[in-house]
Each structure stands twice: as C-alpha cells, then as structure tokens.
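Chains as they are written, first to last, in full-length UniProt numbering: chain G, 1 to 384; chain Z, 1 to 384.
A couple of the hints might just be wrong.
Stated by the list, open to error - One side only, chain G facing chain Z, incomplete, derived with CB under 10 Å:
{"no.": "1", "residue": "Ile28"}
{"no.": "2", "residue": "Gln29"}
{"no.": "3", "residue": "Trp296"}
{"no.": "4", "residue": "Gln299"}
{"no.": "5", "residue": "His300"}
{"no.": "6", "residue": "Phe335"}
{"no.": "7", "residue": "Val338"}
{"no.": "8", "residue": "Lys343"}
{"no.": "9", "residue": "Ala345"}
{"no.": "10", "residue": "Phe349"}
{"no.": "11", "residue": "Asp352"}
I should point out that these hints are in silico values taken from the structure, not numbers from a laboratory. We put the CB at the ideal spot given by N, CA and C, even for glycine.
2 protein chains.
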Amino acid sequence: MRYQLFLIVLLLAGCNKNSPTTDVSTNIQPKKKIVFEGLNCPWSIAFLNENEALVTEKNGALVKVNLQTKTKITIKGFPKDLTDSIGAIHIGDNSGIFEILLHPSFEKNKKLFFSYAAKKKGVGKTTKFVQAQLQNDSLTNQKTILVAEPYTYVNYHYGGGMTIGPDNKLYLTVGERLFWEHDEPVLPIAQDVTDPRGKIHRFNLDGTIPNDNPNLGKEAIPSIYAMGIRNTQGIAVQPETGTIWFTEHGTIQGDEINILKKGGNYGWPNVTSGKLRSDDYSPPKLEHVSFTVPAWFWQHTVAPTGLCFYTGKDFPHWKNNLLVPGLSRGSLWRFHIVGDTLKSAEELFLDDRVRSRKVAQSPEGKLYLLTDEENGKIIQILPK
Amino acid sequence: MRYQLFLIVLLLAGCNKNSPTTDVSTNIQPKKKIVFEGLNCPWSIAFLNENEALVTEKNGALVKVNLQTKTKITIKGFPKDLTDSIGAIHIGDNSGIFEILLHPSFEKNKKLFFSYAAKKKGVGKTTKFVQAQLQNDSLTNQKTILVAEPYTYVNYHYGGGMTIGPDNKLYLTVGERLFWEHDEPVLPIAQDVTDPRGKIHRFNLDGTIPNDNPNLGKEAIPSIYAMGIRNTQGIAVQPETGTIWFTEHGTIQGDEINILKKGGNYGWPNVTSGKLRSDDYSPPKLEHVSFTVPAWFWQHTVAPTGLCFYTGKDFPHWKNNLLVPGLSRGSLWRFHIVGDTLKSAEELFLDDRVRSRKVAQSPEGKLYLLTDEENGKIIQILPK
Chain G
1 MRYQLFLIVL
11 LLAGCNKNSP
21 TTDVSTNIQP
31 KKKIVFEGLN
41 CPWSIAFLNE
51 NEALVTEKNG
61 ALVKVNLQTK
71 TKITIKGFPK
81 DLTDSIGAIH
91 IGDNSGIFEI
101 LLHPSFEKNK
111 KLFFSYAAKK
121 KGVGKTTKFV
131 QAQLQNDSLT
141 NQKTILVAEP
151 YTYVNYHYGG
161 GMTIGPDNKL
171 YLTVGERLFW
181 EHDEPVLPIA
191 QDVTDPRGKI
201 HRFNLDGTIP
211 NDNPNLGKEA
221 IPSIYAMGIR
231 NTQGIAVQPE
241 TGTIWFTEHG
251 TIQGDEINIL
261 KKGGNYGWPN
271 VTSGKLRSDD
281 YSPPKLEHVS
291 FTVPAWFWQH
301 TVAPTGLCFY
311 TGKDFPHWKN
321 NLLVPGLSRG
331 SLWRFHIVGD
341 TLKSAEELFL
351 DDRVRSRKVA
361 QSPEGKLYLL
371 TDEENGKIIQ
381 ILPK
Chain Z
1 MRYQLFLIVL
11 LLAGCNKNSP
21 TTDVSTNIQP
31 KKKIVFEGLN
41 CPWSIAFLNE
51 NEALVTEKNG
61 ALVKVNLQTK
71 TKITIKGFPK
81 DLTDSIGAIH
91 IGDNSGIFEI
101 LLHPSFEKNK
111 KLFFSYAAKK
121 KGVGKTTKFV
131 QAQLQNDSLT
141 NQKTILVAEP
151 YTYVNYHYGG
161 GMTIGPDNKL
171 YLTVGERLFW
181 EHDEPVLPIA
191 QDVTDPRGKI
201 HRFNLDGTIP
211 NDNPNLGKEA
221 IPSIYAMGIR
231 NTQGIAVQPE
241 TGTIWFTEHG
251 TIQGDEINIL
261 KKGGNYGWPN
271 VTSGKLRSDD
281 YSPPKLEHVS
291 FTVPAWFWQH
301 TVAPTGLCFY
311 TGKDFPHWKN
321 NLLVPGLSRG
331 SLWRFHIVGD
341 TLKSAEELFL
351 DDRVRSRKVA
361 QSPEGKLYLL
371 TDEENGKIIQ
381 ILPK
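Next up, chain G with everything else stripped away, as it sits in the complex (with noise of 0.2 Å):
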C-alpha cells in the first residue's frame, strides 16, 4: 500500500516511475579493476602490445610491464644523469623520469622519446628530452633533442610531456621551473623567448626544427612554439580534429585546459584564471602581447597532468571525449567536445578518489589509470 502510494506521488510530483531498465543504464557506470602493482610512482606508458607497455617510474627506472604475467623488467641504458625525488627534503619534489613515447614507426625503427629530471654538477637540475631505440631492452643510439637550459637547483615543474602531432611533429612541454613569482627575473621566464623554460617546443621526430615553427624574432629559440605556460604535464591530440589540447598547473586555483595555437602565449605570470602566490609580486606591463584565453579552467585545485582523448569501445557514449585525471583531489575529469567547444564536464569516481598522474588507452582502446603512489598501480577503467 505505502509503496502503490508511491507510484502515485512521484507519477504527480513530476518523477515517475516508468523507466525501462537497459544494458545502457545498467552497464556504462565506469569501475577501476587494478591490473598492475608496485611500481614507484608511474607517470606515463606507451603500449607496446596489448599486454606489454613501457611505464616511466618517476621516482625509479624505464620499465617494461605485462599486464597478464604482472612481470616487470628494467630497461637499461638510462641516462646516468637522472635525478629523483627519492629521499628528497621537499615535500612534491617534481624530480624523476617523466614521458615515454614510441615513435610513430616504433614498429620499424625502434625508437622512442623520453623526458626525465637531469642534473649537472655544480648547477643543478632541469628537464631534457632524449630519443634513443630500444634493442633486447636496452636504450641504446641515445640522442638528446633538448636540454632546457639552465640548470637551478629548483625542484619544481619541469614539464616534460611530450605528444606527437597530426603533422608528425614531436611536441614537448617544459615548465618556468619556479615556485615563487618573486623569485622571476625582469622579464618573466615564461614570457621571455631566448629562455626554453615555460614553453611548448615543437621538433622533427629527427630533432631538427621544423621550417614552419613560429618567428617570435631573431633571439627566440627556433624550437618554441607556444609560450607563457606555468606547467603543462599533459598534452594529448584531439582525435576528430588533429587539435592538441594540454593540462597546464596553476598555483593557488588557475588549473587550466588549453588549445595548442602556433605562436600562442598563454598568459602566466602575467595573467592567470587562478591567484599568484606571491603576494608582493606583480609582473611587468608586457606591450603589444596578446593572451590566449584557456577552454576551461577549474575554480578548486585539482593539478591536471596526463590527459587523453577516449577512442574505446567500452563506454560508446565518451567517444571522443577529453579524460584528464588530476593529482591533487585524486579526481578524473572527463569532457565532452565538439570542435573547440566543452559542452559538459564531469567528475568522475567521487567516492573512490586516487592521486592519478595519467590516463592512456592501449593499442585495441582499453582505459588506464596511472596513479601516483609509492606502490604505484596501473587501473583499468572499464563499465561495471
């Protein structure tokens, strides 16, 4: 009886009851399913196979992963001038090994692109950019595309994501490097075009810069394509329209989605969606400079880092949607666009929330989360 009246209020209050229960409904809730344990804070992958991936531990070594037979070997050869974050006195030390990438023609030639922490003795640390070939799982015929120079002994935003784009071009993203906007030179970093700081930089996947980078003057480093960028981990390209989109870190709110534009400057220090987080600094009237103004920013702290495009099969109605996981409320975004436009964006796993540094699809469409923990894990996304 009390549930006949039931019926009856919600049919009346506007909130019925006659839905029909369908596979749709009932199945596309994502869950995570953990594939992979123990790895020391992964921060990318790039699939090899179905089964086998390269993972980048931040705060360990270049490995080579099977999901199904959960073994894990170290690939040898890295760079002996990494430095981490292990036993680090600064609490979110960014130091370590960041972006792997396969070559377009892996299959063929066997090479591959990563970023990681260098140091230099006597003058510190900043990011660099290696491609090398992968022989019986060492790295071998190494080649550095860049060294973001100089090197300081600040232990914060690097950068280092790296994408390749629909021209075939290699993009990579290294970050101001600071943590202070006190501590900024006249003209800020990110602003400045002869500093490769604050930038996203655009090569031939042989290393050479390409004859149609932007002219931002005779002093610019050839290599800049964008500037103005605080601290851009993640960048990803947008599958129906070759568009690349990319994460950039803001400090006090100011976390922020942006369209990759030739020659775009993204504003930072001089305007943010978010607040700077020295109060007594306040950056230089900048003339003739015109910002690019970000597709989305977020009003609360959420450190966007690896994002990715879903082309899958397991969740039909993502299709083509921006998944973006953030580190600093454990959350994972996604967005649906169409063209340039964000129509919806939603919060995902709010119950069940893991500081994630990446999400990245395998070979046949599979969703995977990165999370960055000390026992770091490898989570499948995929529908209830």
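Go by the hints and put chain Z onto chain G.
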C-alpha cells in the same frame, strides 16, 4: 597521407580511432528545445497531463499552460496577500509565488498545495503554504497549512519548496529569511526550534501534525522535521530508496545538497561548507548539538534550486540520477548516485547557460527546465 600518419600517430600514442559509432555515442548528448515562452520568472510546474501543467510565475500568477497549443490562462482566486518583487528596489528580491504541487489523489479530490510570499500590513512578509482545490480553473476551499511567522521586511530566503514523501506526508522548506548573519538573534533563527524559519516541516496531507515527527522538546514547533537550514528551494524523493534530498543555498560558496534525516540539524549558521557573509559575526557555542554533513557541496557559487530525480526514457544512462539546476551560473548538474553515495557529478550545457529555477518531468518522463527570466521559458531537454 597526413591522415594516414595521423592514424599511426594516434594508434601509437595510445589514442586510437577504432571506436564504433553507435546510437549511444551519437544520440545521448542532450539538447534544448524551447516549448513555451512568456512566463514571468517561472518557479515551479505541476503536470496535469502530458501537455497541460500548472506553472507558478514568481513575479506573475499561478497559470495553466498547454505545451502543445502554447496557450496560457490565469488560475483565479489566488490569495490577495501575495507580494512579489515587481518594482523591487532590492536586487534579487525573492518575494513572489513559489511551489505548486498536486495532492497524490488530485485526480479524485482536485486538491493541490502552493507556497508564496504573503504580506501583512504593518508587519512585513513571510512564507505561506496553502492547500486548495482546483475547480473550473479557480482555487477554492483554501486552507492554510503554515504561515512561517514572524512577518519581517526582509526580501530574501523564503524557501518555499515542497514535496510529498513515500510516507505520503507533505514536506515544506522555510528559509532563514536573513541576508546578513550579524542580524541573527542570540540563538540563531535556524537553530531555534520555537521559530519556523530555517527549517523543513512535515505535515499530514490534511495539514495536521504526524504523530511520528521528531521530538525536539516541549517548546518546539511540532511540524519541524529538520533544522539548521539557511535556504532550501529544491526538495525531491529518490525513486530507488524513497530518501528525500534537498538543495541548500550557501552564502559565499557553501551551496549544498543534503539528505533529509528526521530531526537532522544541518548546522547553519554554526557550520557551513562556505563562508559567512558577515565578517564580524561569530555564532554562539551550542551544547549537545551534532550536525549532519552535506552529501555534496560546491567550491563555487551555483545557487542550486528545484532538483529532480530522472526516471525518463530519453536518457537511459541517466536513470535515477539527480538533476540540479543553478541560478547563479545557469548550469544544470547531473549526479549519479547509488544509495546515499555520489559516484559522479556532471555539469551540462557549459556553452549554453541559462538562469534555471527548476527541472521537472512530465508524467511520461519528458524532462523540462524552467528558466528564471522575465521572458521565462519551459525548455525540453531531449537527445540530439
């Protein structure tokens, strides 16, 4: 050639293209369709059938609309002590007509409930809840359920939300009716069980007091079911569980979604997930009081209003999701909830915001949005 390269790149970059184009992925994105215009800040809607509905205009009248013929008539006999915010000198004056709700046995007894801002000469205005019968498009046999005295000259936070629970009881929301916390009496209004404001009340459908209301002491107003609430306009029943959920307006941030609990104290103004508006106000220490934590709070201002649990057919993957519109940012939020646990939160229509007062369903489950505009609209939300 570029495109082939692009495919290879995406495949190796872990974002492949081999995803199916299914009805799901292409059809379930929501779009808006205006089905009715010319309503003066519509606040609430109660469907008489699939095409006809009663609609309250905050700054107008109780009207009957036909969504097919696009006609609108005014229901006669609305109480003369109505006060609205037409010509109000206070921006954001909340006075006017609020909820319209049909009796569970409306088909037989033609009874309904409505709420509005009532004025009384020389003393001010307050929230009033009335039961009446609808006969020949006139309100007859009017009977007052609650007058939330005292009358004051404050223009804000009337509450006015209503729903009928699975227990076949009438639940009413009354706001605290203050704007500044420094206007609070020694015992804050929402914490005072002898004051009907800042509360949710529970009545039998005939206006009498249920014998199983919480015992809040001899002095307590017997209709009080929950307290410590700043301002609630939206209250709805969760289909699967019968649990009642309600929105709460915070001050500076602090907008919340709460689960209604018998005798629950939601903390205002002693605890809030936002900030108090009066810097100079500090609430009194309350002994032996425990507060109920919100199910959700936003870190930015949304001004959530008339919520609804979705049970329609158009979006099967939204089944039993909670939909919450917002006034301040004009957003529509969708929460996937299992039991009392929020699993995900999606903000919809990022590129098409409209100040929204209420989301509701027709008897057959069509989804509609009421916009808070002088030319207020009824917008159907349907799949692309």
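Here is how each hint holds up against the structure:
{"no.": "1", "hint": "Ile28", "verdict": "holds, 5 Å"}
{"no.": "2", "hint": "Gln29", "verdict": "holds, 7 Å"}
{"no.": "3", "hint": "Trp296", "verdict": "holds, 8 Å"}
{"no.": "4", "hint": "Gln299", "verdict": "holds, 4 Å"}
{"no.": "5", "hint": "His300", "verdict": "holds, 4 Å"}
{"no.": "6", "hint": "Phe335", "verdict": "holds, 9 Å"}
{"no.": "7", "hint": "Val338", "verdict": "holds, 8 Å"}
{"no.": "8", "hint": "Lys343", "verdict": "holds, 6 Å"}
{"no.": "9", "hint": "Ala345", "verdict": "holds, 5 Å"}
{"no.": "10", "hint": "Phe349", "verdict": "holds, 7 Å"}
{"no.": "11", "hint": "Asp352", "verdict": "holds, 8 Å"}
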